[in-house]
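Q: In case it helps, mature numbering (1 follows the signal peptide of the UniProt record, and there is no 0) puts the sequence shown at residues -18 to -1, 1 to 242.
Worth flagging that the hints you see were computed from the coordinates, not collected in a lab.
Hints should not be assumed to be uniformly reliable.
Claimed, not checked - Straight line, CA to CA, 25 angstroms or less: simulated DSS-like cross-link-like pairs of lysine-lysine:
no. : residue 1 : residue 2
1   : K103      : K214
2   : K170      : K103
3   : K183      : K214
4   : K183      : K25
5   : K214      : K36
6   : K36       : K183
7   : K25       : K103
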Amino acid sequence: MVLLAPFLFVALAGPVLACGPESLGTRRVLAVDTAGGVRVGTKSYPATLPLADKEVVLTFDDGPWPGTTEAVLDALARECVKATFFLIGENAAARPALVRRMIADGHTVGHHTWSHPILSKIATADALNEIERGIAADDRAAYGSVSATPRVAFFRFPGFADTPELLDRLAERKIAVFGADLWASDWKPMTPQAQLDLVMKRLNETGRGIVLFHDTKRQTADMLPAFLRALKDSGYGVVHIMPAHPQAGRSFYRSLSAGG
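Please model the complete structure; the sequences and the hints are all you need to start from.
A: Right under this line is the structure:
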């Protein structure tokens, strides 16, 4: 697994305080500078985030969704774990209270288009409109207003279906593209126990990485408490990602080059 790329800049903050020794907690914060065409996640790209062994980044796609997203947020809160949610704009517009809860709970809110089309199968102009409309809906739901620049310039392609032109346009906008290093395959119906076994098997094989879930899936919501406990019992730590903003007062910033 290639861990980092020349265009990736991160800030490493100190450990985030957990609820107590019995909880999983969030091990540290990793802030990503979105300039320069950042593309991470080895399922799609050559590089991923600079994670140590047994470090995971938890990500959830397609929400917010009634019932399941609340259950996911509750499970994360019980363990003092922070995650990143890639929202569908029409879902965010329909449920702004859930988006605001994500923000209030300290999670990172990224973007996943307005209505989840496969962008590689539609015209570039239509794909760009889907991206921009989704970002605007997410920001309006989260913050009550829309600006020329996304508050959180993190994006994930539906179905990981990018195109060179779309990647270039996102890089021009300084929007980082996130793939995944492993996924839960929770779009396939299975029991929560079967999903837990599958995800832990894949995680133990890779040893670290960006994990993809969907907070719209009941089996994921039902599995998540046991998964978080399994992470703690197996010695894994959760890393929370957020965009790097020097004005936010991070203690230091440094460039990380490939292999360095």
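Q: If a hint holds in the structure, say so; if it doesn't, say that too.
A: These are the hints, each one checked on the structure:
Note on K103 and K214: the hinted pairing is violated, with a Cα-Cα distance of about 41 angstroms set against a maximum of 25 angstroms. Of the pairs offered as hints, the one joining K170 and K103 holds, with about 23 angstroms between alpha carbons and a cut-off of 25 angstroms not exceeded. As the CA atoms of K183 and K214 are separated by approximately 15 angstroms, the hinted pair is consistent with the 25 angstroms bound. For the proposed pair K183 and K25, the alpha carbon gap of about 17 angstroms is at most 25 angstroms, so the pair holds.
With a CA separation close to 10 angstroms, the supplied pair K214 and K36 stays within the 25 angstroms bound. The straight-line distance between the Cα atoms of K36 and K183 is roughly 13 angstroms, inside the 25 angstroms bound, and the hint therefore holds. Of the supplied pair hints, the one linking K25 and K103 holds, its CA atoms being roughly 20 angstroms apart against a limit of 25 angstroms.
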